[in-house]
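Residue numbers (the working numbering), protein chains in the order written: chain A, 375 to 662; chain B, 30 to 332.
Read the hints as simulated data drawn from the structure, not as lab findings.
Treat the hints with care, as some may be off.
[Claimed, not checked] Short derived list, chain B residues pointing at chain A, Cβ under 10 Å:
#1 V157
#2 I224
#3 Q291
The C-beta atom is built at its ideal place from N, Cα and C for all residues, glycine as well.
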Amino acid sequence: MSDGNIVWLASYPKSGNTWFRIFLANLFADKDVPQDINKLEISTPVAASRGLFANVAGWSSSALNLSELRLLQPSVYRQLSAQQKESCYLKTHEAYTKNASNQFIHAPEASQAVLYFVRNPLDVCLSWANHCGISTDRSIQQMAHSQWLAGKKAIGNSQYAQQTLSWSQHVLTWTQQADMPCLVMRYEDMLAKPEKTFSQAVSFLGLEYSMQQIEKALRFSRFDQLKQQEQQSGFAEKPDKSKAFFRQGKANAWQNELTEVQVQRLLESHGAVMQTFGYMAEASLEVA
Amino acid sequence: MHHYHVYGLNIASEVALDWPLSANHESTDLMIRIQDGQLPEDKYAHVGVACQWQQGFWYFTLPGLGAIVVRQGQAIDLYPHKSVTAADIGSFIEHPALSAALLQRNQISLYGTAVAYDGQHAFGLLSVVPSGKSSLAYSMSQQGWVVVSDGMVVPYLSDNQSYVKTGPAHLTLWQDSCQRLGIDIDAEKTVRPGIKQYQIATIAAGNTNFKLTHLFVLQSTRIEHDQYVVQQGLNAFRVLQQHCVGEPWLKGMGVHKDAFVQMTALANSVSVHRVLTQKQDRGERMLAQIRSVLECSQEIACV
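Just chain A, same shape as in the assembly (with noise of 0.2 Å):
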């Protein structure tokens, strides 16, 4: 582990990161009753929050560009984890990359590790499409797109706008950084792997917690869990534009819902990528 007291919960966006969060929020809290997702107890703050930003710099970040506050991002995660005495998880969806003072904007001397969340991009684009409320093929390009910045329009957010690059570029920065220790986890073991998976999380993290205590955070944050609480009483993190943020949960839902041409684009953008983490098989045979 670095020295810092971040520990990077990154991911391109759709690719489990929240379900890791609620899952690590259910192992925190070691209740006898689920996490309530709009309530947890546990808090992962995202890293481009203009709360966040405003809690550690001390003021509001309302008068900054994003170019501005790109300069100053390494500074307030410093402050930070020096303000911190145990590990603080942040969420993020920006690339591994630098600033115009040429700085990683993740601050590696301020970080412990990343858990990166990895899902095959022919999935991605689907529920990207889908959190978005836009086109598959708008999706499909967007994730091509070598200068994506996701949020841009996005006026007054609570959030400023990420740099996640295309996702080919983003699971690369991230992956073959060599800054901080890094776990690749792959949505489709956490889906068919659970226990095995969250485990060596969990040891990665150097957390302490028995096979009983992580096989019941896995009950209470499983998919249909989730799905079933969001049905009842909503999920805050739902943009505007979705039906759902619990869409589906499934592995391979692109085998049904994907045209051979749109395959064939994502492979062409990324088929280098995908091969390294064992998705271009699945997505070959499909197509042959």
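With chain A's structure known, arrange chain B on it following the hints.
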């Protein structure tokens, strides 16, 4: 030299600001000065970009802007970059630097907007993040209520009663809020070049000492039902602490004992309410809830 009176301070400034003028040129609480040359305390130069809170010293530097230093609550010193605009300087003085100066003077300030609902009483709308508080204040001002301050609420205690200090007579609204409220943005100026926020003039609140009766913590949410909770005791204190401007609040309250006392007094003397509303039509929903609270307190006539 320009002379202003905001948040209870007599300010002498070498920079022209869009603030209420002061007739008092004799006693000055705070100086705003433009300095030439290098910062004497340039010990943070190696950091490149920095914002540092220390006891009696607040330092902020940004490429293209320059540096701002606030000293002992007595002076805001500007070391401007050559290309910096007056609007850039003004926006950083009005909120971060002025709130730092107030804290150095042992005066707390809260993220929010204060509105007077009659000639004597006011409430605060609090939120750290964009939540529609300035838009709501604009709607209220259209109904005859007076905006006391925007961006920060500066409470103070006198004879066991909380009051709120008056800020500059304008509201800062994001572009989409202006459009929703039917404000012609072509006729308005942005807060800073490149920032889609507009400064909208309001009726000046003057030097009235408004009694602070309620603080409403606003939050818009996507959950199914609106929620309304009255906060009391330690919960009220915690809510206010979360909305207090200034990094020392995160480190405990040892540094600013007077501020701790003020916060405790505020939590005990003002009614604190959390208002969670669905995002759709949140302005109307929040206004209805606030009206209802004020009516129940018999502080405005029942409608």
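Going through the hints against the structure:
1. V157: holds (5 Å)
2. I224: Holds, because the Cβ-Cβ distance from B/I224 to chain A comes to roughly 6 Å (cut-off 10 Å).
3. Q291: Result: violated, 17 Å to nearest chain A Cβ.
Hint 3 alone, counting from the list given before, is not met by this structure.
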